[in-house]
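Enquirer: Top to bottom, those sequences are chains W and B. Basically my numbering = 1-based index in the first sequence + 8. Basically my numbering = 1-based index in the second sequence + 11.
Keep in mind that the hints were calculated from the coordinates and are not lab data. Treat the hints loosely; a few may be bogus.
To be verified - Straight line, CA to CA, 30 angstroms or less: simulated DSSO-like cross-link-like pairs of lysine-lysine:
1) LYS94/W x LYS19/B
2) LYS63/W x LYS94/W
3) LYS60/B x LYS94/W
4) LYS94/W x LYS76/W
5) LYS63/W x LYS30/B
6) LYS20/W x LYS30/B
7) LYS30/B x LYS76/W
8) LYS56/B x LYS55/W
9) LYS20/W x LYS55/W
10) LYS63/W x LYS19/B
11) LYS63/W x LYS56/B
12) LYS55/W x LYS30/B
13) LYS56/B x LYS19/B
14) LYS59/B x LYS94/W
15) LYS94/W x LYS55/W
16) LYS63/W x LYS59/B
17) LYS56/B x LYS94/W
18) LYS12/W x LYS30/B
19) LYS75/W x LYS30/B
20) LYS101/B x LYS75/W
21) LYS63/W x LYS76/W
22) LYS76/W x LYS55/W
23) LYS94/W x LYS75/W
24) LYS19/B x LYS59/B
25) LYS63/W x LYS20/W
26) LYS63/W x LYS60/B
27) LYS12/W x LYS63/W
28) LYS30/B x LYS94/W
29) LYS55/W x LYS59/B
30) LYS56/B x LYS75/W
31) LYS55/W x LYS12/W
32) LYS76/W x LYS59/B
33) LYS119/W x LYS55/W
34) LYS20/W x LYS119/W
35) LYS30/B x LYS56/B
As the list claims (entries may be wrong) - Ranges between beta-carbon positions, derived for each pair:
36) THR40/W x GLU71/B: 31 to 39 angstroms
37) ASP14/B x ARG92/W: 21 to 29 angstroms
38) LEU59/W x ALA153/B: 41 to 49 angstroms
Beta carbons: idealized from backbone N, C-alpha and C, even for Gly.
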Amino acid sequence: MKKKLSFEDGWKVEIRRGILQYAVLAIVRHHTQGIHGYGIARELEDKTDGLLVVKEGTLYPILHRLKKERLLDVSTEPSEAGPRRKVYVLTSEGDRVLRALTVILGDIFEKLEVLRE
Amino acid sequence: MIDSAIDKIVEDYLRRIRKLLPDSFETDDLVDDLRSHIIDSYEDKIGKKPEADRVVVIREVLEEIGEPEEIAEEYRLGPPSEQALERRRKLGTRVILRLVAAIAVIIIAAAIAATITEGALDFGLTVLVLLIFVVAEWFASAWQAGEMTPLDVIDGDREA
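The task is simple: from the sequences and hints, build the whole structure.
Expert: As structure tokens, this is what we get:
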């Protein structure tokens, strides 16, 4: 039987999804030559201590969604392990959206800080 | 390099994911991405621990990737694509046309049977019996092929 999530765990799942899309765009922006899915998962793990990605496979539906929204583009690069592999790059629209989201997030945290005081 | 035992574990895992997702180009793309990720992660771990048991390592990789149900759930949380909606509309129309054609054939067959037997076979009862057979056969074959049934069309309308 599936264990019921605690309130805070459920809340974390809800908030994680939106933040994860932002974090993926931010990571891809640092790689102008493109970064593959595994690289994004590693950076997320290393830089957020695994807070954002619980299961690595759930990253791919998000990458596909961002691609469908034309915020990410895809190209390929040679791979040592086998066939050419896909790398993700930020589009100009993705860059614009990332900047806009950064402003929105800043506002949210600023207002939350006021609430906490 | 991935050997055949490891490859089988990976392909079984990817097949479980494929079963939970619609049969589409997007699913093929997602499965290809997951396969690349699994290979990268596996090669990375083996590179760090060359003496490790290959099967244990691949199980660890799949554990980190997540259960197929979790990945399918994340996939479904996104908005359905226009192609998927169009495909569902077409499929719904096909199911309704098939239902109308089946009822017409049943009525004609029951009328012919009643005429040939000069009323020995009751028309209403023959329609009912043929209807039960057709519906049972339809559900059985749709279930085997993973196709849509009239109940799915009704459910789809409710969701919409």
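Enquirer: Between the alpha carbons of LYS63/W and LYS94/W, is the straight-line distance 30 angstroms or under?
Expert: holds, 20 angstroms
Enquirer: Does LYS60/B pair with LYS94/W here, judged by a C-alpha cut-off of 30 angstroms?
Expert: holds, 26 angstroms
Enquirer: Should the hint that THR40/W and GLU71/B are 31 to 39 angstroms apart at their CB atoms be regarded as holding?
Expert: Once the Cβ atoms are compared, 32 angstroms apart, the range 31 to 39 angstroms for GLU71/B and THR40/W holds.
Enquirer: Hinted pair, alpha-carbon criterion (30 angstroms max): LYS94/W, LYS19/B. Please report holds or violated.
Expert: Judged against 30 angstroms, a Cα distance of about 23 angstroms means the pair holds.
Enquirer: LYS63/W and LYS56/B: Cα distance at most 30 angstroms?
Expert: The given pair, whose Cα atoms are some 17 angstroms apart, holds under the 30 angstroms limit.
Enquirer: With a cut-off of 30 angstroms on the C-alpha distance, tell me whether LYS20/W and LYS55/W pass.
Expert: Roughly 18 angstroms separates the two Cα atoms, so the pair holds.
Enquirer: Could you grab the alpha-carbon distance between LYS63/W and LYS60/B and see if it respects the 30 angstroms cut-off?
Expert: holds, 22 angstroms
Enquirer: Hinted pair, alpha-carbon criterion (30 angstroms max): LYS56/B, LYS75/W. Please report holds or violated.
Expert: Holds. LYS56/B to LYS75/W sits at ~29 angstroms (cutoff 30 angstroms).
Enquirer: Would the pair LYS119/W and LYS55/W pass a check requiring their Cα atoms to be no farther apart than 30 angstroms?
Expert: Holds, at about 25 angstroms.
Enquirer: If you draw a straight line from the CA of LYS76/W to the CA of LYS55/W, is it 30 angstroms or shorter?
Expert: holds, 26 angstroms
Enquirer: Against the 30 angstroms threshold, does the CA-CA distance of LYS63/W and LYS30/B hold or violate the hint?
Expert: holds, 19 angstroms
Enquirer: Compare the distance between the alpha carbons of LYS12/W and LYS63/W with 30 angstroms, and conclude whether the hinted pair is satisfied.
Expert: OK: LYS12/W and LYS63/W at ~18 angstroms, within 30 angstroms.
Checked against the numbered hints above, the structure violates hints 12, 32; every other hint is satisfied.
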